[in-house]
Amino acid sequence: NAGVTQTPKFQVLKTGQSMTLQCAQDMNHNSMYWYRQDPGMGLRLIYYSASEGTTDKGEVPNGYNVSRLNKREFSLRLESAAPSQTSVYFCASTLTGVSEAFFGQGTRLTVV
Amino acid sequence: SQQGEEDPQALSIQEGENATMNCSYKTSINNLQWYRQNSGRGLVHLILIRSNEREKHSGRLRVTLDTSKKSSSLLITASRAADTASYFCATLWDSGAGSYQLTFGKGTKLSVIP
Numbered sequence: 002n003a004g005v006t007q008t009p010k011f012q013v014l015k016t017g018q019s020m021t022l023q024c025a026q027d028m029n030h031n032s033m034y035w036y037r038q039d040p041g042m043g044l045r046l047i048y049y050s051a052s053e054g055t056t057d058k059g060e061v062p063n064g065y066n067v068s069r070l071n072k073r074e075f076s077l078r079l080e081s082a083a084p085s086q087t088s089v090y091f092c093a094s095t096l097t098g099v100s101e102a103f104f105g106q107g108t109r110l111t112v113v
Numbered sequence: 174s175q176q177g178e179e180d181p182q183a184l185s186i187q188e189g190e191n192a193t194m195n196c197s198y199k200t201s202i203n204n205l206q207w208y209r210q211n212s213g214r215g216l217v218h219l220i221l222i223r224s225n226e227r228e229k230h231s232g233r234l235r236v237t238l239d240t241s242k243k244s245s246s247l248l249i250t251a252s253r254a255a256d257t258a259s260y261f262c263a264t265l266w267d268s269g270a271g272s273y274q275l276t277f278g279k280g281t282k283l284s285v286i287p
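Line by line, the protein sequences are chains W and F. So the first sequence is numbered by the numbering used here: it starts at 2 and just counts up by one. So the second sequence is numbered by the numbering used here: it starts at 174 and just counts up by one.
Be aware that one or more of the hints could be misleading.
[Stated by the list, open to error] If we take Cβ atoms under 7 Å as the criterion, some of the chain F residues that face chain W in the derived model are:
no., residue
1, SER201
2, TRP266
3, PHE277
4, LYS279
5, ILE286
Worth flagging that the hints you see were computed from the coordinates, not collected in a lab. A virtual CB, placed ideally from N, CA and C, is assigned to each residue, including glycine.
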């Protein structure tokens, strides 16, 4: 099993460009999450989807949008990238809302 | 913010010693989880302790939870060089309407010296 797969692994964007980070899980999990990790800040929740068809804002949603395309896929979109969005982005999934999370390997995004 | 706080931020020990990391959080939780992250990699789940549990063991890991003090500790016994990593606590809490958020602390960077 692949677990949680994120694409791309690395990306460089110019300020103002848009892009979508893709995340897919093959574990039939119900809940999915997007986090960003910055040095010294730990992981901060951007958006999450408790179940297919629902999405909710986390701690730092500004500048991002998400789509829960189906049960497997949860994408994160940056409409107009800013240097402050330079970060490592992690997608995670959980079987239920209260079980342990499985993480992807991350997307390292640089906005110049 | 519901974010937990780990203490210490960094810890350096000799191989064979025990390592203890602490986590404090701010609000009622459903459960508390500990994760490990090797440099440049994703997080890996280590152990989950529910709010009605006080202690849990898994191999060389021992986790305690004190909900009255809103704190938890992770003990790694007989540490190995391969335990070198960052360790994060994460709290799962009810954000309303049956929806749960998993919120992470800033982590403890553990270095185990051979």
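**Request:** Kindly indicate which numbered hints from before are broken by the structure, ordering the numbers from low to high.
**Result:** 1, 2 and 5
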